[in-house]
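**Q** Hey, can you piece these two chains together into the complex? The hints should help.
What follows is the residue order along each chain.
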Amino acid sequence: MAALNIQKGASSHSAYDLRDPNAQTIESHTLAVLVENEPGVLARVIGLFSGRGFNIDSLTVAEVDHLGHRSRITVVTRGTPAVIAQIIAQLGRIVPVHEVHDLTVEGPSVGRELGLYKVSSKGEKRVEALRIAEIFRANVVDSTLESFVFEITGTPEKLDAFADLMRPLGLSDLARTGVAALARGV
Amino acid sequence: MSRSMTGARMVIEALRDQGVDTVFGYPGGAVLPIYDEIFQQNDIKHVLVRHEQGAVHMAEGYARSTGKPGVVLVTSGPGATNAVTGLTDALLDSIPVVVLSGQVPTFLIGTDGFQEADTVGITRPCTKHNWLVKDTDDLSATIHKAFHVATSGRPGPVLVDIPKDVQFATGEYVGPKQIETPSYQPAKKGDLDAITRLVELLERAERPILYTGGGVINSGPGASQLLRELADATGFPLTSTLMGLGAYPASGKSWIGMLGMHGLYEANMAMHDCDLMIAVGARFDDRITGRVADFSPGSVKVQIDIDRSSINKVIHVDLPIVGDVGHVLEDLLKIWKSRGRKVNQAGLTKWWAQIEAWKSVKCLTYRNSEKVIKPQYALERLQALTAHRRDRYITTEVGQHQMWAAQFLHFEDPNRWMTSGGLGTMGYGLPASIGVQVAHPEALVVNVAGEASWLMNMQEMGTAVQFRAPVKQFILNNERLGMVRQWQQLLHGERYSQSWSESLPDFVKLAEAFGCKGRLVSDPADLDAAIQEMLDYDGPFILDVMVEKHENCFPMIPSGKPHNEMLLGESSTEGAITGSGAALV
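As you go down the protein sequences, you meet chains A and B in turn.
The first sequence begins at 9 in our numbering and counts up one residue at a time.
The second sequence begins at 80 in our numbering and counts up one residue at a time.
What the hints contain is simulated information worked out from the structure, not anything from laboratory work.
Model, not experiment: these values are computed from the prediction.
Below are the DMTMM-like pairs computed for lysine to aspartate or glutamate, each with C-alpha atoms no more than 20 Å apart in a straight line:
1) B/Lys213 to B/Glu195
2) B/Lys213 to A/Glu44
3) B/Lys421 to B/Glu279
4) B/Lys267 to A/Glu107
5) B/Lys421 to B/Glu409
6) B/Lys147 to B/Asp100
7) B/Lys380 to B/Asp365
8) B/Lys450 to B/Glu558
9) B/Lys213 to A/Glu46
If we strip away everything but chain B, and leave its shape as in the complex, we get (with noise of 0.2 Å):
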């Protein structure tokens, strides 16, 4: 049979062949040969997106909640420079993603054409690889490539930049079994005498952590039971990044909470005060480590990682595991069951009621309102409603919304929480939440969002809307760029610069334009009727939840301490935050 064909069909056929069943686009001239083979056939979904930083983060909202790589389609130019911050976003949380974008044809090339960008060149350092391909014969074989990278060792986002003559051209079709990438191996099994040497320490140590992050979430689902099983049997405190929340239950007795700068006291003193910190798919990120020099003073450290650039890039660590987490942690479990299951017991029992001593502090307790709705509170009614789902889809934007839903929002399962976290990426939230209710129409999608985030890529309401995908916006909105006025009333003496939202529009109307329905809550005895109407509506929802205005996200390590320097709420910061601003609520 013979396995000819133009290079636009070649495309589908390489996608059908991936087992790629959902396309995130925009149409333009450079791609329009691909998508007229759209238009042919019906095992591809085509999601008509409303801008291409929204289509990627829809690839990235599919990924992160199916496991699955998430597609993109755009054209040249301009559409692949907007696909720019997607790329770099899925990058810093290592999502799989692969962005095919059109190109001028191959004889424009370089002659500044129509709608020409060097694409490669532009995004060469926000993908983990990106290729131009100037033969059609090469079509084939470099998208399977781009599949196999883009999902295998640590992953990432890849980019094929396919000239327009390309796609118009015939060539002949290769398979994915067929390709071959040399000079791309990734580690997968760790080292089993460093494993051997961390199951000794493990059973020794007196004052031990399990700090993990998405790494495992990356690994797969085994890796998530893997790790349940591991923090279960040896009964050590479990603590997280924002990346990693899910992959141990909140629910579970290990769970200390998620650590760093608005992490959790307990799991943040935990992580001090232990002799020996497990990085499990973590990589010690600046909002992780607060000051470096101080970082965990006292402990013996093991970091798991399948990237070997990520051990000893901030912090030093004395034993470092390179391989896939699901691998490392069944050798672990293998090993440490056969010396017999030890652990440091007398030590453990110590260290768990110190633990509890921490947890007493109660970090999250905030002063709630009956006239005003706290952001907190919002997010606890929230959680209290939402609870008993076992298939709800969290995204948020980024900002302080982010950082209370994960603080007050609880995650059972991985691939729950979807997050913009290495990039911080403002307008992440909505887009990704219609990413992962495509993946998953029967499930409940919120996109906890902040007013400003929110409408950063608000034009993809249009999208939710034409495809029936009935997520929940649950916008706290405090008509503030709420961490930036933190950060401002905290370091830079209460100039609030530029962190007022003037002249926002009418959510609820905004809603009804776009041909869905909103609701305003102000009053914190409606919350419970407005969020039980979101959830209800069978169709996308917008609630502007109006909250307090001048609340700070507590607690926070602040910039350049270590993290027994925490800031606790308002009553720790009394001695710091003097005179007018102490009337802040």
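Chain A with its partners taken away, still in its complex shape (with noise of 0.2 Å):
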């Protein structure tokens, strides 16, 4: 007896296969997540991220209300429209989440991070790497005579580009935090 006939690829778009249903463009959005700051409510975030199979770009978390123990927690992440929707609904579930905002699109927000460049050199491309650092407006936080440790605080583009720039200059280690942002006016 034959089996039935159903082509390879005809489950497309069924439970059975994995393929994405509603291919789109992918957009990169930045939420802020308000968490009650309790044991394990980070790893209910990234459980959730992990879980689903969604993506993480980057995440920072500090606790920013020490009498209300709240935390805030920023986090970078990419998928269609439908996936995001779908991620701030997922945040918004977790019990001690408090408010869920997509800074991407609930008007124009800022955000920053933090980079710490280590640049590792000697003669002309020790100075090259120190011209570069003040166009970049980069601070010098500690320094040895073969060394810099240069530390830019800006958008991941520019942290990016100074990246670029230094590696051909000897940059040996890097280290940053990932983006911290807030909407815009009041």
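**A** Okay, here's the thing in structure tokens:
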């Protein structure tokens, strides 16, 4: 007896196919998640992303209201508009989550990231590194005769650009915080 | 009056304040102080299970059949990890269950202590929320919060992990009224503008359908009542998911049967061809939608759901209404009545004529036999011999028998049908039947089972016997993993890999070994008498019904097909299934 005539690939868009049913444009969104600072709350947020196959491009978290025990988690994520909407709805469902804001759609916002760059070089390269650091308004927070540690605050793009320039000049280590963001205005 | 007491006493006090009458559990080192308190009181009955998975399924059966949360008490480590399947089952089916687990003392946490497991870590993704209580002063408030979270909004399982030193230490007890959950405020009322737009849609619709799910049952008996009123007053056809059976009576005039992968032809065709789909407490599960791209292409879709994340998760809906089904239906009826109870009668008449034409296909037809018991026939007889019992509760295991039970048994009331829908947990039905029976000692509780599923938690027969729960185990025994075998036949070239149950026990002797009664029946002529003996027996009973071994469950939407490409049965698959397989009955 032959199997049922179900062609390979015919199951596209079915429950048994892992391909994205509605491939659309992928957007990057910055979400601010205000949470009760209780044990495990970060694990819940991260577990939601990994468990449901969502992306995390960057994530920052710290308690912002010590008296009220509120923490602010800033997540930069990617997905189709439907996926982003689903991420926001799923985050809102977590019991200790107070509010979720999509800073990318709720109006203008500012996002800043801090980066620390260790550049190890001598001679011409060392001078060039320092010159470019001045252009980027980087601070030198540590220096030896053969290295600098630069600190930059700015958009992720600015931090990327600085890293690209420092790489041929001896970039040996790099640490970034991920984006912290706030809505503009009152 | 001092409300100072030990943590263990607090647990009992909190359960009492929450109105808990039954706890399903299993003792162990890390919960001994709580068991000591259980020993010293008579308000709360403890049902000793044989495996912690069984405890959670019993609690689910209890919860689904009563509308109250089911409560489980387990020890640390393996006690908690054994509960994980039950928790996941309850999460996917939105069943309110509160699991209290013991934990090693706080000073041993993180040291890989004996019977230590990271219980809150392990259960985080399979609970609605969970807590580790590190201070006895926080214990009572946490338990009250746990009950609130489990039962409000979209219900679900929660877990409270209680280290042993927290149980021994003394703290201040607070009552259930003193707790607050500022970050957790589930919506109740739906947006009135959206509801008014739905009224406008249903006044005009030519081919409407009500697609209802477990959310109606979770919303309470009032919601089922309002659904009946809406369906009957509008005359709209109504179909239901597996989880929603009984919210609208099977004898009601709007009822067109269950939809989905093994749903009725008329229900799936109506879903495909409708022009207005009103999803009420249903979440467009993949067993419902078939191929998403071709799901009901011409309809305006409205979804009423208490969980915002259920909306647009799988299917884009045109009009979402976030709120409790009961509240939304109440507002909907009010607005619809105030606007003159209008429906598009001409359209509806034509629509029903079409549905009647689909019904005439008689998609549940099967070839009966005088030699061998067909599983469908067994369920028809079970239905015929139990239909007069309004207090009939059915649980199931998972597989073909579950789908046949959904097709051939008819439910007139909500909370009468307990099945593992979302997770598809084999081994659910037996413990669930015990949980139902404990909650309804006088009722008729039948677990429709397959022999393979049933074996997965058969140890719970000991619980049934110990607690005199006269549960009826109706095993449709085909000596196969029937649904696996069906898929292997239809989709894997008849290579029956590991789907044959060899070395099955003698179920009659097994019943005797457990101290209850069993009977084997294989001749269709004896079936009625065997069922009657099972029903009349005053105690747990295992009826081993030897059924046709190669029967397939139809109708069926094969994977990746839309609703209008259903397989209707052996005859409709003749083009697709050729050769020796055609000889199958």
